[in-house]
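Engineer: The primary structure of each chain is shown beneath.
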Amino acid sequence: MKKIQILNNQNKIYSEAIDLVNYTNESHEFSIRMVFNGNELYNIGNKELNIFPGNFLIINEGTIYNRKINSELPVNTLSILYTNQFLKSFRHSVTSSDRLLLDDPFTVPNNPAPVFLETIYPLKGDMMFNLAHIRNLFHSEINNDLLMNEYLYHCLFNFYRIYYKEILVKSKQLNVVNINTRNELFKRLNNAKDYMISNYNQEIQLEDICKYACLSETHFYRCFKQTFHCSPHQYLMQLRLSQAKYMLKNTSYEVREIVNLIGFDCVSSFIRLFKDRFGVTPGNYRLTTAA
Amino acid sequence: MTEEKKYRPARVSEPKKVVKFLVKYLDFFDEPGTKSKSADKLGIAVSNKFGDNFLLVQGSPSNTGSHNVDEIITFNTDNCLRDYHQLKSAGIKIEQIPRYTGRGLEVIFSDPYGNCYLLLEKRDYSEA
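Protein chains in written order, with the numbering used here: chain L, 1 to 291; chain A, 1001 to 1128.
Derived from the structure by calculation, the hints contain no laboratory data. Misleading hints may appear alongside valid ones.
[What the hints assert, rightly or not] Pairwise CB distance ranges, derived in the manner of DEER restraints:
1. L/Glu184 to A/Thr1074: 42 to 52 Å
2. L/Phe36 to A/Ser1089: 40 to 50 Å
3. A/Lys1024 to L/Asn66: 49 to 59 Å
4. A/Pro1112 to L/Thr281: 49 to 59 Å
5. L/Pro74 to A/Lys1122: 26 to 36 Å
6. L/Arg161 to A/Pro1112: 54 to 64 Å
7. L/Gln5 to A/Ser1089: 39 to 49 Å
8. A/Tyr1025 to L/Val176: 32 to 42 Å
9. L/Gln5 to A/Lys1020: 27 to 37 Å
10. A/Gly1091 to L/Ala132: 48 to 58 Å
11. A/Tyr1025 to L/Asp103: 27 to 37 Å
12. A/Pro1112 to L/Asn136: 37 to 47 Å
13. A/Gly1091 to L/Asn9: 21 to 31 Å
14. A/Pro1009 to L/Arg277: 36 to 46 Å
Please read these numbers as outputs of a predicted model, since none were measured by experiment. Beta carbons: idealized from backbone N, C-alpha and C, even for Gly.
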C-alpha cells in the first residue's frame, strides 16, 4: 500500500506499507526517510545502510540509491521530500537578518542548496514528536497544505538542530588540526557508526568495523572515543538496549524474543544491562509504558 | 462518588466573552452549573480535555506586552502546531510564534479582550 501527498510548493510526503520490494537506481529531492517497524536497506554508493525505528536517513538531491524491504510483516515507511527552493528559502530565512528579510522578502539568493552528510541520524527529541504529528496528519482525512507545510518547516528546523549536534559539534571534537583530514576522518567514523547501526543485531567484530571504515583498529578506537564519548563496544550495547526499549514499548514480543532480535545471547545479562542503563527492569518498563 | 475538580483562578477582562472565545477556538467547555468562588469573587468555570480547569474571574488582563509568563494563562494541548495554525487562520493575534523549550513546544497568543495565553504541548524528552 502506497500513499503520496504532493503539496502546492511541490514538497512531498510518501508512505508505504510493504513486505517485499526492491527499488533500484532511485534519485529524488533531498529527503528524510524512516521506518516505524522492521527495517529498510539502502545502498548508496558502496555503503549499505539499514534503517530501523528510532533512526532516520538523509539523502541529498540527486544521490542515486537502491532500497530494499524483505520482511515477514509489512514495513511501514515514511519519507519527506523537500524541494531545493524550499531548502534554500529555509536556509535564507534562518541565516539572514530580520532587516534584510523585511526589506527584501521575496528574493532568495541563488546559491546551491545545502548538502548534508548522508548518514543515519538518531530520531529523537522534537524531531520525533513532530514526525509523529506529520504521520498522523498524513494518514488522516484532513487535507491541509498550509498545516502540513508548517510541520515540514519545523521538521527541517529540528533536523538542523540534530545536524548541528551530531555532525558539526562532534566533528570538532576530533583532535585533528587540518580541516580536510578532520572531515575525512569524521566521515569514516560515521561510516563505522552506520555499520554498527545497520548491523546492531549481528555478531560484529571490531576488525569488521575498522575494515568498513578504512581505519586501523587503534586509530579507530581512539578517534571513536573522542567523537562519541564511548567505546565502540559501549556504543553497540547502547544501540541494542535502545532498540530493546523501543520494542518493549511498541511491540508485543516477549522479552526473550527481544533478546534474540537484538543480538543478545543471554536473557539475564540483558535484564541486568537494561536495568543498569535505564534504572528499571525490562518487564517493569513495559508495564509503566503500557499504563 | 465523584472526585471534586480543582479550579485554577484566572483573572481576565470580560470573563463571559473569554469563555465563548475558549469554547470556540480551543475546545474548552464551560460548566454553567458550577458555582465557584475564588478569593471573594464569583467566577465562571471552564475546562478542557487535558485537565485544565479554570475559574475565570473579572480582573485586569494579563500583561501581553512583556510576555511575563507568570501572568499568562497557561493551558495544555496535544498538538501545538495544529492549534497555532488554527488560531492564525482564524485571525487570532499571535504574540510569540511556536518555540521549543525544555518542557515542550509553546505558543503565546491573545484574545480580542486583551488577555494573553500560553498554549503548551508538553513533551517528555527523557523518553526521546
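Engineer: Now, for every hint given, state plainly whether the structure supports it.
Structural biologist: How the hints compare with the structure:
1. L/Glu184 to A/Thr1074: 42 to 52 Å: 49 Å, holds
2. L/Phe36 to A/Ser1089: 40 to 50 Å: With Cβ atoms ~30 Å apart, the hint is violated.
3. A/Lys1024 to L/Asn66: 49 to 59 Å: Cβ of lysine 1024 of chain A to Cβ of asparagine 66 of chain L: about 52 Å, so the range 49 to 59 Å holds.
4. A/Pro1112 to L/Thr281: 49 to 59 Å: Once the Cβ atoms are compared, 54 Å apart, the range 49 to 59 Å for threonine 281 of chain L and proline 1112 of chain A holds.
5. L/Pro74 to A/Lys1122: 26 to 36 Å: At roughly 32 Å between Cβ atoms, lysine 1122 of chain A and proline 74 of chain L fall inside 26 to 36 Å, so the hint holds.
6. L/Arg161 to A/Pro1112: 54 to 64 Å: Between arginine 161 of chain L and proline 1112 of chain A, where Cβ atoms are some 35 Å apart, the hint is violated.
7. L/Gln5 to A/Ser1089: 39 to 49 Å: For glutamine 5 of chain L and serine 1089 of chain A the Cβ distance comes to about 19 Å; the hint is violated.
8. A/Tyr1025 to L/Val176: 32 to 42 Å: 55 Å, violated
9. L/Gln5 to A/Lys1020: 27 to 37 Å: 35 Å Cβ-Cβ, so the 27 to 37 Å window holds.
10. A/Gly1091 to L/Ala132: 48 to 58 Å: 29 Å, violated
11. A/Tyr1025 to L/Asp103: 27 to 37 Å: Check passed, 34 Å falls within 27 to 37 Å.
12. A/Pro1112 to L/Asn136: 37 to 47 Å: Because 31 Å falls outside the window, the suggested range is violated.
13. A/Gly1091 to L/Asn9: 21 to 31 Å: 23 Å, holds
14. A/Pro1009 to L/Arg277: 36 to 46 Å: Roughly 44 Å apart at Cβ, these two residues keep to the hinted range, so it holds.
Hints 2, 6, 7, 8, 10 and 12, counting from the list given before, are not met by this structure.
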